[in-house]
Each structure stands twice: as C-alpha cells, then as structure tokens.
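J.: Start from chain A and add chain B according to the hints.
2 protein chains.
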Amino acid sequence: MIPQEIIRSLSISTPSKIVLLVMDGVGGLSMGEGTALEVAHSPYLDTLAAEGTLGLTDPVSPGITPGSGPAHVSLFGYDPIRYQIGRGVLEATGINMRLAPSDVATRGNFASMDADGLITDRRAGRISTEENRKVVEILKKSIREIDGVEVIIQSVKEHRFVVIFRGDDLDGRISGTDPQVTGAVSLDPLPLDPAATRTAAIVKKFIELANQALENERPANTMLLRGFSKLPDIPSMEELFHLNPAAIAAYPMYRGLASLVGMEILQTGETIEDEFETLKQNWADFDFFFLHVKKTDSYGEDGNFPKKVSIIEEVDRMIPGLLELKPDVIAITGDHSTPCLMKGHSWHPNPLLLWSRYVRRDDTTRFTESECTRGGLGRHPAVDLMPLLLANGLKLEKFGA
Amino acid sequence: MIPQEIIRSLSISTPSKIVLLVMDGVGGLSMGEGTALEVAHSPYLDTLAAEGTLGLTDPVSPGITPGSGPAHVSLFGYDPIRYQIGRGVLEATGINMRLAPSDVATRGNFASMDADGLITDRRAGRISTEENRKVVEILKKSIREIDGVEVIIQSVKEHRFVVIFRGDDLDGRISGTDPQVTGAVSLDPLPLDPAATRTAAIVKKFIELANQALENERPANTMLLRGFSKLPDIPSMEELFHLNPAAIAAYPMYRGLASLVGMEILQTGETIEDEFETLKQNWADFDFFFLHVKKTDSYGEDGNFPKKVSIIEEVDRMIPGLLELKPDVIAITGDHSTPCLMKGHSWHPNPLLLWSRYVRRDDTTRFTESECTRGGLGRHPAVDLMPLLLANGLKLEKFGA
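These protein sequence lines are chains A and B, in that order. Start counting the first sequence at 1; every next residue gets the next number (the working numbering). Start counting the second sequence at 1; every next residue gets the next number (the working numbering).
If we strip away everything but chain A, and leave its shape as in the complex, we get (with noise of 0.2 Å):
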C-alpha cells in the first residue's frame, strides 16, 4: 500500500472517467455445477475481460472476513485496519444521518427485561418498524439532553435504532451492554479509555432514563447499546485523489459508506436499471463513478444460488449501456465474497476486471473466480485497486526523478 502522502502528490485531476462497479459478495463457492459468475450467461462481462486483465483482490489479509465497512474503506482506496468504522456510526450514515466529527453515534437493539432485569429477548421479538417508531417517539419525549450533551435517537427498522450524543468532549471508547445471551442483566457502558470517562456515565444515564420511560412497554422495556464511535478523521477522495466522484447505490449504508469519503450521493432508484440509468444522467458532472449492486450479496446471504445468479446476468445486460458512455476505466469486483454455500460474509479473495486502453491483457475469457485466479493482474491487497484505477485513467504523475 503506496503512503497516503505518496498518493495525494502523484494524483492530479484530468477528464478522464473511472467507473468502480460494485456487485456486493459477487464472489462465491462452487455448490456442485461451478459459482455464481461460472454459471452465469455473462457474454458481456466475458467480453470485457477478454478486452481487459483480471485478478484478485484481498479485502484486508487473507483469511480475513470483513464486513461491509472494511470492504468498502478498502475498495475506495484507504487502509481499512487504519480507519475503522464503529457500527454506530455506520448504522447512522445509513439512514441519512448527519454526524458532526464530535458526535459519539451507537447502535441499539429494543430488547425484552423481566422484572429482575434479566434479558429474556435480546431483539423484543424483532417488534415491527412501525412499533419501533412509537417506542422511539416515547424515547424522544422523555430525554432529549443529559449534562448539557444532546441526545439524537432514531428508528432503523424492526428493533434497531441509532442514537447520537452529540456535546463537547465525547469519546467513543465504550463498551457495549449486549450480554449476548438471555437470562442475564445487560452490561453497564464502561470507558475503555480514560478519556470516556464522562461520555460513558452520560449513556449510563441514558440508560436509565430510558428503561424508566419504557416501564410500561413491552416486549421492548429496555435496550442494549453497542458499536459506540466517532467519524473517522479520514480525508475525502477529493483530498487523497484529486477526484471528483459520486455514488450510486441503492441501499443506505453504500451511500453512507460513500458519503465518508466525501463522494457526492446521487439519487436513485430501487433496481439495478435505475442505477445505471442515474449514472447515464450524471455522467457529465463527475469523473469517477461508484456503482453499489447489493443483491448479488443479499442473495449469497440467504443461500439463493439462482437469484445470485440472475443478478449477474441483469448486470451483465447493463455493460453494453455502460460502455456507450465511453468510460476511460471500468472496474468490476466485489466488496467481499458471500458464498451461498456459507449465507454469510467470507474470506475468499474478490474477482476483479480491470478494462482501460492500458491494461496488460492475458489470455482469460470470462469474469469468473478461476479466470481471475489466473489473470495478470495477480492477486493484490483491495486498498490496491484504487491507485491502479488511477494509473488506468492516466491520473498519476511519476513517482521520484
């Protein structure tokens, strides 16, 4: 990985146009007849990769499962052990909300205490989004500050929430009150700094407060809160690259994600057509372009190997579209693999297309996970990707005389 001083030197700005086209998960495993993208009919994808050079990217180090924050950091071009990204603050750019870099954000789940205090459901039965939202307007009422720190709560869906203190002088190195099994008392919110020493008894407070303005309620009479954190002090991709980029997902937390790093977050719609339609409006304004698909991972998640499938090939149909825009680089990958055989998150390295005029091409001929493993790209760290984009798009001066 090139130092981030090294990079933001070297990159300059220029016309020329970058498209990173995520497929979330898109890697896999064989479940008998081959992988998602072996299975696939993907004649365009195949195309490009004739066209263009592939490889293999590991999201962190091999062996390494990552969730959706390190895979993106990493993806955009940043070191994903050096800016890690606390669950508070992902789940609260995932719905929109606007973190100040002194607010301390968390993740709740609505949870079930019987009158000893004991956790007897750690989810309140996964109430509905629509209980949830009363729940929460009850919280709203009763505590809207504590010592002077403002306190911000809002509905996710069935019994998640977020919610943001917001005051001078917080810290995030807190630890979590879920116990992770039922039958016992959540755990008090302990500083693991120092430093946190108030922001810690704040939350406490918080705690209280709202058990009591829930009494009545149930099954959602208490809470357990975790993934306490700040923004990281992270550099816009406008900083680091001298780029000028957008996004295009459709799901919350990728435009979240993005937002970050500063990428402007464009309107869209629900499917993947209107994805690709909103690049084809945008395509004059910006010169790099990221483009979030999610269902290839939400169906690897629920094991739907044929669903996966199908994802790829309504991607695939896209490509004919995206090259009529005439993108200087195309990069096509995963953030991370979500095998079906596993319906999780996984370890295996990300297939990756590189297509621009100047890529070295090799023999392969097809977008899969095995071409990949023998392309001339190699298999290199993700964080990798994003200078190699740059160098495609003839953004990068040379490095020393």
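One or more of the hints may lead you astray.
Rough simulated footprint, nothing fancy, chain A against chain B, three-plus residues with beta-carbon under 8 Å [stated by the list, open to error]:
#1 63–69
#2 79–85
#3 346–359
#4 366–377
Below, computed lysine-lysine pairings styled on DSSO-like, alpha-carbon distance capped at 30 Å [stated by the list, open to error]:
#5 B/Lys398 x A/Lys398
#6 A/Lys326 x B/Lys343
#7 A/Lys398 x B/Lys204
#8 A/Lys398 x B/Lys307
#9 A/Lys398 x B/Lys343
#10 A/Lys157 x A/Lys230
#11 B/Lys157 x A/Lys17
#12 A/Lys307 x A/Lys157
#13 B/Lys398 x B/Lys326
Facing chain B, a subset of chain A residues (Cβ under 8 Å, in silico) [stated by the list, open to error]:
#14 Asp362
#15 Pro387
#16 Leu388
For the record, the hints were derived by calculation from the structure and aren't laboratory data. Yeah, the Cβ is synthetic: ideal placement off N, Cα and C, and Gly gets one too.
T.: Only chain B this time, still in chain A's reference frame:
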C-alpha cells in the same frame, strides 16, 4: 519486505556469483502483435526461462509509475519509499560528481527572461551543450562561495546543469524556482522546513549573482532550479548484504545510482557487447554484478517498437557468453515498464526471470510478460528480489532456530 536489521544479520559472504541483468523498461504492452518481449526472437532467454522460473514484480506498489531512481533503489533491495533520491542528487551522481553527506545538490535549467524579469523560455531554446559549457564557465568565474558555502557548478547537457552547495548545516528542503509556465517570474526558493531557512537564503543570493553574471548573455540569461536534495542516508550493499558488488552501465545516471549503494563502478564502453566484455574481464573480482542495458527504455520512450525488439535480441545473443562464466544466480528483469504504446515509464509490473540451481522450476518456456504472469514466482514487490538472489546464491542463513 524483510526488515533491514534481519537481512543484515542473515546475509553471509560466499564465493557464489550473482548477476542482476537489468533491461531498462523492458516490460511493455501489445501494439497488436504482442509485446516487444513476445515478438523478439530470443532462444537463449527462452532456454533460461525454461530452466529457471518466472514472475512479476512491482517496482514500488501497484499502479505507481516510478522514475529511474526509485525503480533501481528497489531492485537493489532498498525500500523506495524510505530512500527517496532527489533529482539534484541523481543528476549530480549521474555526471560522476562526488557528493559529501552534507552537500545540497540541485538540478538547474538555463532559461530566458525578458526585461521585466518574465520567463520567456524555460529551457533557453535548448542551447547546445557547447553553449552550456560557456555559460557555466562564466558562472564558475563569478561565483565561488556565498556566506562561507562553496558553490560548485557543472554542465550536464543542452540546457541542463548541476549546482552543489558545500558547507555546514545545509538543508535540502527547499522549493523549486520553476514557475512551470512562461510569462511568469521565476519563484523564490523557499524553505520547506525552518531548518532550511539559511540554505534557501544562500540559494536566493546565488540566483541573484548568477542573473548579474549572465546579464549580457542570450538566450541563457537566467536559470530555474529544482530538486534540491542531499544524499540519502543509505547503508551500502556491503554493509547490508555482505556483498562485494560491481556495476556495469554505459549511461551515467545508472552508475550514479549504483554508487549511492556502494557498488564499485567498472569502466565500460558504449555498447551492450562492451558491457558484457567488461563483465567477463572483472568476473574474478566481485560476487555481485549489476549490468544495466539502457536502450530497451530509450526505444520504449521513443515508441520505436522494432528497435526495442532488436535490443532484446541483442541481449539474447550475449547469454551464451554469460553462461560460460558459470554464474550461480542470474536475474533478468526491468526496473519499470516502458511500453512503446505509452512512450514513457508506466506502472505495469516487471517481467522477472530467475535462474539458479535451486529455483523451483515452473512450466514456463519463454521470457515474456504473459509467461511471467503464470510463472512460479507469482507477483511481488521488486524490493523482495534481492533476498531471493541472495537465497539462491546460498548467501542467507536461516532465520530463527
């Protein structure tokens, strides 16, 4: 990359002989019929490829296009990020000026300015080398010392020259004076660190004195300076690898780079044949030879594909003579790629051929980029080549018990 203190502790001196044959910029891109390596008829290189093993190396990091400095620093086994060589130092060592550790060197361009002090030509119409020498003589006579700092000026060629400031407490962290455009005044040399304040003032005075001395000259009546730098504090190859290394390079800059890491610079001629003859003549006296072939890069920069091919074929014909010397280890590679298609350095990885009694043979049979892509060495940073060479020469002891 293995830490320096470890490689230093593991390396031992043995009689085995290593040849690092660098075909500058040899890697390329296809212009239709294949890359220069693919098109070249190179039966001897191909035999070495079949007997040895192949791979790809990244000079600095994926996507980064290196100058000759960092590209060679990494081939010599040093971290190119840690040991950055300034343009001034590179230019000075390239014309065989000996630098002291306290010297500050800078590259200069003669330039033309009008009566208002605006730069009208940043290269003074690319004056002849003869004219350059005449102007440098005028400067030498007028300026020998400023505030106790010795000033040493030397011609390079055309509009280029070098200035060395020699004295105590000098600091190279000074901004360049080239405004990069005509019609503007030249910039003041500014200290980029408070420690460089005095040096910047001396440089400023130098420019004033030079402008006075050149008042009546045309077209070279002023100068632009950039690349102020000191020698990097770099351990020699003897210290670090316990080698007794020699360099054979027809071009001065590569002799300069080799001298920075303590190689003995062998006198040689202009041709590739001369260089191999020099190798033969000095075979008994060293255990490591760096042999540099420049013209693969020059013809890449010119976009002259057939000539690039012919240089590879010329090197190929030298291989039987090289083998007659009975080297223990041969590496053949580039320092960076210079595709004729791009007429310049590029970020594409270097093809690498490693030959010794102890390589793990792969099934590759030609020394080409595509064969290197599927070679047994895989793809790794160029800085890792030196430990591999030492290992194949049985010059590294076991790490740990």
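J.: Take the hints in turn and mark each one as holding or not.
T.: Taking the hints in turn, this is what the structure says about them:
no., hint, verdict
1, 63–69, "holds (count 7)"
2, 79–85, "holds (count 4)"
3, 346–359, "holds (count 4)"
4, 366–377, "holds (count 4)"
5, B/Lys398 x A/Lys398, "38 Å, violated"
6, A/Lys326 x B/Lys343, "24 Å, holds"
7, A/Lys398 x B/Lys204, "28 Å, holds"
8, A/Lys398 x B/Lys307, "25 Å, holds"
9, A/Lys398 x B/Lys343, "13 Å, holds"
10, A/Lys157 x A/Lys230, "22 Å, holds"
11, B/Lys157 x A/Lys17, "39 Å, violated"
12, A/Lys307 x A/Lys157, "25 Å, holds"
13, B/Lys398 x B/Lys326, "26 Å, holds"
14, Asp362, "6 Å, holds"
15, Pro387, "3 Å, holds"
16, Leu388, "4 Å, holds"
Checked against the numbered hints above, the structure violates hints 5, 11; every other hint is satisfied.
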